[in-house]
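Take a look at the letters that make up each chain.
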Amino acid sequence: MIKSFKNPILALIGLALVGFGFEMGFDAYIQLIILFITVNCLMSMSLNMVNGYTGQFSLGHAGFMAIGAYFSAYASTKWNFLPPNLTLVSSFIFAIGSGLVAAAAGFIVGLPSLRLKGDYLAIVTLGFGEIIRVALLNMDFLGGPRGYANIPSLGSFFSSFGFASVWLVICFFTIWRVMHSSYGRGFLSVREDEIAAESVGINTTNMKVRAFVLSSFFAGVAGALFAHFTNFINPSSFTFLTSVNAVIMVVLGGMGSMTGSIVAAIFITVLPEALRPVQELTGFDLRMVIYSLSLILVMIWRPKGIFGELEITDVWRKYVRRSA
Amino acid sequence: MQDFVQHLINGISLGSIYALIALGYTMVYGILKMINFAHSDVYMVGAFAAYYVARWMGIDAQPGIGTLILLLCVSMVFCSILGLLIERLAYRPLRNSPKLNILITAIGVSLLLEYGGQVVFGADPKVFPEVMKDFVIFSAGGIELKSFDVTVLIVSILAMLGLQFLIYKTKIGKAMRAVSSNPGVASLMGVNPDRVIAFTFVVGSALAGVGSVLVGMKYPKIDPLMGMMIGLKAFVAAVLGGIGSVGGAVIGALIMGLSEEMVVAYLSSTYRDALAFGILIVILIFKPAGILGKYSVEKV
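Just so you know, the sequences run in chain order A and B. Start counting the first sequence at -19; every next residue gets the next number (our numbering). Start counting the second sequence at 18; every next residue gets the next number (our numbering).
Among these hints, one or two may not hold up.
[Stated by the list, open to error] Below, simulated DSS-like cross-link-like pairs (lysine-lysine); rule was C-alpha separation at most 27 Å, straight line: (1) K97/A <-> K304/B; (2) K97/A <-> K311/B; (3) K50/B <-> K116/B; (4) K116/B <-> K97/A; (5) K163/B <-> K50/B; (6) K143/B <-> K238/B; (7) K238/B <-> K150/B; (8) K50/B <-> K284/A; (9) K284/A <-> K298/A; (10) K188/B <-> K50/B; (11) K311/B <-> K116/B; (12) K150/B <-> K50/B; (13) K97/A <-> K50/B; (14) K116/B <-> K163/B; (15) K188/B <-> K311/B; (16) K304/B <-> K116/B; (17) K284/A <-> K116/B; (18) K150/B <-> K163/B.
Everything labelled a hint here was simulated from the structure, so no lab data went into it.
Sequences and hints are given; from them, build the entire structure.
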């Protein structure tokens, strides 16, 4: 029991140290990028649950993020039941709320659509993502196309980062523990061979829906964090491209690798900023061209993504330590 | 009533444009069992090819049937080459890999064409040259039948009949059907599947080229992201009619076009883009094989 709690606490302490370092030494621009990295990490880890581990291709992740973001934005501006010095506590509660609302949406979306497979599933989830976005465009009390402004932020960088790291740790270890339980084998079996899984008595649709619900919960939380970090959201923050971005992170990182998703999320958040000088020089936005090209090349050369199913520690063990 | 008939005409015109693009989806799906997400971007490239050739030859100020035919040819040639290249470079290396990988590659190709297009052509919209003069053919009681609508409808019906002929009456069509049902056995019978698949891509992309000129004629604003929405709607149309079936694609496209026109006319235009997906979801839940599609049982 104590051993199983040691890792999350260690991870949290590590993240807090990193956050403290960034609080001290870097300007607001880099700090904002760090915060976006946490949001993208949450997105890619949660999508990895569906795309990587369960093998179902979902292209509507931005929709759940949008639901979470709007819920948290609405709740934190309209419902103030706690005193102002407890903002973090109420934000935490609202983030859970966002996750639950997104999870409920995930259940409603997943139940009919997860009976489909492959291409159809991708298109239907894309469709649901778009429908959520169009619905938000038409909701006047959420700002409609004007968006939702003045969302309270979570205080200083350190408290925002700490808040995000708590969620990162929760997300990582929840998915990790689930995937390393006998229950998680069910998800993997659905990915490997659906018909075989069915024939050994796994209710595949049920499994897929559960993975989908868990995944949309964390996407909702990611949305809540995004809302607080940017202080302004509108429906066009959550388009098809946001979903594709999450897919790119999962695919590049390796389908079925948690640490791979994290590494890819960091890489993909930092890359456009690093490319900014190039962009100023040439005047082109090369970000999406690079993404799409790398997506094709990775699929041709390494069909399971860069890390494959290996975690980064396995890669370390396999390639670095053996050669020593 | 008058309005309704006018909406009906507009809807059929819109539907026939969707049909031309849906035919490309349906063909590739019929042979390869994959969704060619890049199809709508091939269509975009076709529109730009026609635009640049028309400007280069200086015929953008001379509308007429000759211009139409010339631009159709140009666009078809460019689209076919592009389709062939995509098939050769991106899809062929992955032909035996899991469906998920092919799907991701297709999305990658689509994004590459869209954003590569933004880099090459520039992100700002351009005005498509005037291909034909738009005139009213028939007008009664406020209802107007314009030449554009008729042209689009005629061309898409011709394309559909041509495709039907190609698939069911020619030798290569027979080979296509053979590859579709079992590529391994077909190759034992002396069919070269690689060649047949490449041919499928050429034909599908050429249809996208035809579609691009017709759309450019009707809505003369082209930009690198123009394929995204129309491609999704055409795909929904193909699924609605039963993907893999030529007639189904046309029926589905007409239903899509009509329902979209009616939603914009009688409800609200903001729901226009959600409608396609709404229809898709309902279809896939209640009749997953589409209107004319066949159910297939997956064997272990």
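These are the hints, each one checked on the structure:
no., hint, result
1, K97/A <-> K304/B, "14 Å, holds"
2, K97/A <-> K311/B, "17 Å, holds"
3, K50/B <-> K116/B, "9 Å, holds"
4, K116/B <-> K97/A, "10 Å, holds"
5, K163/B <-> K50/B, "38 Å, violated"
6, K143/B <-> K238/B, "6 Å, holds"
7, K238/B <-> K150/B, "16 Å, holds"
8, K50/B <-> K284/A, "21 Å, holds"
9, K284/A <-> K298/A, "17 Å, holds"
10, K188/B <-> K50/B, "21 Å, holds"
11, K311/B <-> K116/B, "20 Å, holds"
12, K150/B <-> K50/B, "40 Å, violated"
13, K97/A <-> K50/B, "13 Å, holds"
14, K116/B <-> K163/B, "44 Å, violated"
15, K188/B <-> K311/B, "24 Å, holds"
16, K304/B <-> K116/B, "22 Å, holds"
17, K284/A <-> K116/B, "12 Å, holds"
18, K150/B <-> K163/B, "10 Å, holds"
Checked against the numbered hints given earlier, this structure breaks hints 5, 12, 14; the rest are met.
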